[in-house]
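In order, the protein sequences belong to chains A, B and C.
Each residue of the first sequence is one higher than the one before, counting from 1 in this note's numbering.
Each residue of the second sequence is one higher than the one before, counting from 590 in this note's numbering.
Each residue of the third sequence is one higher than the one before, counting from 967 in this note's numbering.
For the record, the hints were derived by calculation from the structure and aren't laboratory data.
Positions of the beta carbon are idealized from the N, C-alpha and C atoms, including for glycine.
There may be inaccurate statements among the hints.
Claimed, not checked - Computed, partial: chain A to chain C, Cβ under 10 Å:
{"#": "1", "residue": "104"}
{"#": "2", "residue": "119"}
{"#": "3", "residue": "120"}
{"#": "4", "residue": "137"}
{"#": "5", "residue": "140"}
{"#": "6", "residue": "143"}
{"#": "7", "residue": "274"}
{"#": "8", "residue": "275"}
{"#": "9", "residue": "442"}
{"#": "10", "residue": "446"}
{"#": "11", "residue": "451"}
{"#": "12", "residue": "528"}
{"#": "13", "residue": "578"}
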Amino acid sequence: MRATEGRARTGVLFCSCRGELSSGLDLGSLKEYVRGLPDVVLVGETAVLCDQNGQEELRKAIADNRLDRVVVAGCTPRVYEEMVGRALVAAGLNRYMLEMANLREQCVWPHRDRKRATGKARLMLAAAVARASMLEPLHGGRIGMKRAALVLGGGVAGMQAAIDLADDGNEVHLVERDGQLGGRTWQLSTTFPTHECKPDGCCMHYCRECILVPKVEGVMQHPRIRVHLGSELLEFGGVFGNYTARIKEPGGIKEVEVGTVVLATGSRLVDPANLPEFGYGVHKDVVTFLDLERMIVASRPGDHELHRPSDGKVPKVIDFIQCVGSRDETGRGKAHCSLVCCTYAIGQAKELKRRYPDAQVFIHYIDLRGPYRGFEEHYREARDMGIHFLRGRVSEVAADRDGLVVVGEDIDTGKLLRIRSDLVVLSTGQEAAPGTEALSQVLRVPLDGDGFFRELNPAFDLLERKGIIAVGCAAGPRGIRYSVQDAKAAAATLNGLMRSGEVPVPAERAEADEQRCSGCRQCESVCPAGAIVMKKVADRRRGATRWVAHVNPSQCVSCGACAMACPSKAILLSNHKMKQLWAQIEALT
Amino acid sequence: MMDAIHVPVRDGDFNAALAGALAALLDRHVVDALLIPQESAHGTSINQTLVKRASALRSARPVSFVMPVNSARLLQLLSETEPSEKIAAVLRPCELRAAVELVKLNQIDRHNILFIGQDCLGTFRMKVYDKKAQEARKAGQDPTASLATQCQTMLRDTCWACEHFWPVEGTADLAVLHLGGDITKELYIEAQTDLGKQALKALGEAGYGPGRPADGRKAEIARRTALNADFRQKWLAETRARMGTLEGLLETISTCIRCYNCRDACPICYCKECIFDAEFMKPTPRSMLGKAGRKGLLRMPQDTLLFHLTRLNHMVSSCVRCGMCEEACPNDLPVARLFCSEAEEVQKVFDYVAGKDPKAPLPLATFKEKELEGIDK
Amino acid sequence: MTGFEPKIVGFLCNWCTYTGADLAGVSRFQYPPNFIPIRVMCSGAVDPMYVVKALVEGADGVLIGGCNPGDCHYQSGNYKARRRATILKQLLKDLGLDERRLWVRWISASEGKKFAETVTEFTEELRRLGPSRFREEWAL
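Construct the entire structure; sequences and hints are all you get.
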């Protein structure tokens, strides 16, 4: 082995990957080449690194040769880095003293020419060995976190999250804009699938009588939940695990400290006034589905009759218009589908048909969409009841001397429609609640293309989301069932995190060199995670104090934007230091 | 409260008149110190001085024709650890622009410093000025006064190419204005901020009356702007032609000796420790021999082109085109030309002019979601 | 120029383009072996200095690969990369260093084919442009 400069002892292990690499590359010449590279004291080969034997071979090679860093020439680090890192740990090395040369996915597999693939592999190995020489052990850590959660929004999702979080022993601050909890569910008469109270059978007890009343009481009386009604989030700061929130209450401002946040701020219904062709606000008898809900609820204590707004007449012809403000390509509504309106409208249509079997009920739709189990039966029952499903767009709701006229088309028969109607119900879509964008900036939570909080894979690293999860309609249109399920899942995840009482600090993160930092704050302005704050330090050389950048380790997402922004590289990513990249570039060129 | 005061000039000595007015800021405790150019006791040089006693203003030359250092650098030094005293700084337009950029980069503490901008008649290279000053003295004249009244042709190229030779609205607290008028008879000091208005109040109490800039100011500014634009176009076109090829560029930097004077003289290069001084940037013997082996030979020291390109990448979006870089270069590399040319091109892309608007965010500190969409074509 | 094989250094963002390159390999999409990847966390972490260094050291072309705008794993990294790359391209163009040798491409993790096609296109383009002057030039 070549004498090293006393700096590092690198072991290069080729994983032939059950012959994949050895058939696609001239491993012999590569091994010979690598032997001559600086700091390399061992070159070895194994058939399969990712099984028990392979891992043990690696561990033994490290121990026997007193290696302090390893280059694995094999497959992609994207998938296998962590696993191989474990073998290093087993051998007593720091997990990060590993460099993987991606000779499989990015060399052998895309390049059939063995000679040329070998040429490329040489360069990749040279870069990997050069970078390995520059690696340093990295250490994570843990910092204490508050066992408290902030829940924004007191609808069904928010309340469920609050209860589950509080039951697990956490303090919960539930902030609700309205003067009461319950959100939109208060206005709903009955819900899918039964649309009437059936204490047994397939009822899932999501109607307000079953779900709201007990939940609201449960929340209001829970010893660990502090409910802030008529309140809003004013300011938010701090770092993951130790957030501070300032809440504007009717009585003043309250400051609370929490470790995690649940965003249950719900959604808003699209304003049908944006689509004037439907005549909402112009013709009294054009109502939204929520207006109809109110009418139905209002009819219960009264004479059980539905009275239309204009003259109180009981409607004999009712038209439901779907996708009002959803799946809109004109730019006046939203482009996305709002998921629940078809289910909902069918339910309302059935309710009306049940009350008035002689009434004519039409549902004008583009496509029928039902994401819930039981939808098919729901739909068939509606058809069996004699509800007319008309596929085709409604171009306008007009009015003449005799009343409303729904003008549209029936695609299946190819006919143009002019239906004289007594009551028109618009199934308006859902859009992001007001204040969503501002909240996304303050909490640094990304929005999706439709303006809702971006829904993330719940199996993914919670730490990446910094303990802030969006649930329910805040993350996109959905019904009560999925909103509540969302909330339960989020609460369970957060409970698991908070139970440990600690937030892990990643080993891969940015670190600032206080002595080199010029205090220009460019890093602070580009950091997407708000992880950089300015700290006053004593400048030993000048005998005075000045402001320098400081990275809050639990907040850093290790993107490297700060490192790029710093002209003097006083702030660097621990696992992607400039000297490492420099070494790679030099080795490749 | 006055928006501008009139400063009468006696015996054509405009510097004495101006110094007298600024002394009032010290006497009336508006500020604790003045950063003001003064003629050296020895030789012809005019340097910034930090003055705490009004009596020490006898050689003050706030209007001068030479700029040894961009004062924004001095303000950075004075801000490095919080100054507890109030300082008023007399700044040329390019120094003021550099100061505005350094405030955005958190290198100058705006709170304790009063910016006094002034109209600029241009500067000479130090050697040129030295010669002219000595000639003037031999003829028994004050160098500055004699230069101010004659039409100048040997000004620095950067001055001829200058686009904003007056203190841009909103960047200074006080602005000394004389363009379009007769500087040997009168000057005007205008307040551009509330702080400036308060300072003027003190000057009012000291006996100065209200005033307004000369009627001919707009016309004079327009005249010189057109003249400078003409020069600048040709100057930059020539620069771009010269440096627009690899050969041309390499020829341009062939005499660079890596003294880093340009970087040290540049007010925008603020880094406490430049990346080029970092340990890892120093190549190892192994890497140098390796490279020499591959190419056959290697220029030593290496990375000269890398240095200039890096400096360009790092600071060209804030370059205020003061030209100090070229003044400092011992081998007369046309670095000012290079940076002025690229500064214009790059700042244009972001609709940004360095030092013009204190509220405009730095191009590198911000972004738009929809912009530069052709980058991946 | 016949027989000239361009060398391309690529800075690929971990979450999108690097994974897209992996996918190209998994799918066995073939592309020229002229391209050598360097993995970075985000395109917004690619300092123009690295690109300049690669070019000056003799790379015939440099590719910066990031997520599609709007999809950055870190929300805005690619927007920052866009600005820096724009400045660098302007400098390369004005100073005769050939901005056509720097490509910025947005390639997501699922776009293995696009990755292979991009590398193939870039290699072809560089073959047309010829070898980098920096391979021979020593007076730098």
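Status of each hint after checking the structure:
Hint status for residue 104/A: holds, given a least beta-carbon distance of 7 Å to chain C, under 10 Å. Annotation: interface hint on residue 119/A holds; nearest CB of chain C at approximately 7 Å, less than 10 Å. Because the beta carbon of residue 120/A sits about 4 Å from the nearest beta carbon in chain C, less than 10 Å, this interface hint is met. Annotation: residue 137/A was flagged as interfacial toward chain C, and the flag is violated, the nearest CB pair being 19 Å apart, outside 10 Å.
With a least beta-carbon distance of about 16 Å to chain C, the hint placing residue 140/A at the interface is violated under the 10 Å criterion. For residue 143/A, the suggested interface contact is broken, since its CB lies about 22 Å from the closest CB of chain C, more than 10 Å. Interface hint at residue 274/A: violated, since its Cβ lies 25 Å from the closest Cβ of chain C, which is beyond the 10 Å cut-off. Hint status for residue 275/A relative to chain C: violated, with the closest Cβ pair at about 27 Å, above 10 Å.
For residue 442/A, the suggested interface contact is broken, since its CB lies about 14 Å from the closest CB of chain C, more than 10 Å. This hint holds: residue 446/A has a C-beta 5 Å from the nearest C-beta of chain C, less than the 10 Å allowed. Given hint, residue 451/A at the interface with chain C, is violated; its Cβ is 13 Å from that chain's nearest Cβ, farther than 10 Å. Residue-level restraint check for residue 528/A holds (minimum Cβ-Cβ distance to chain C is 5 Å; threshold 10 Å).
Taken as an interface hint, residue 578/A checks out: its beta carbon lies about 8 Å from the nearest beta carbon of chain C, inside 10 Å.
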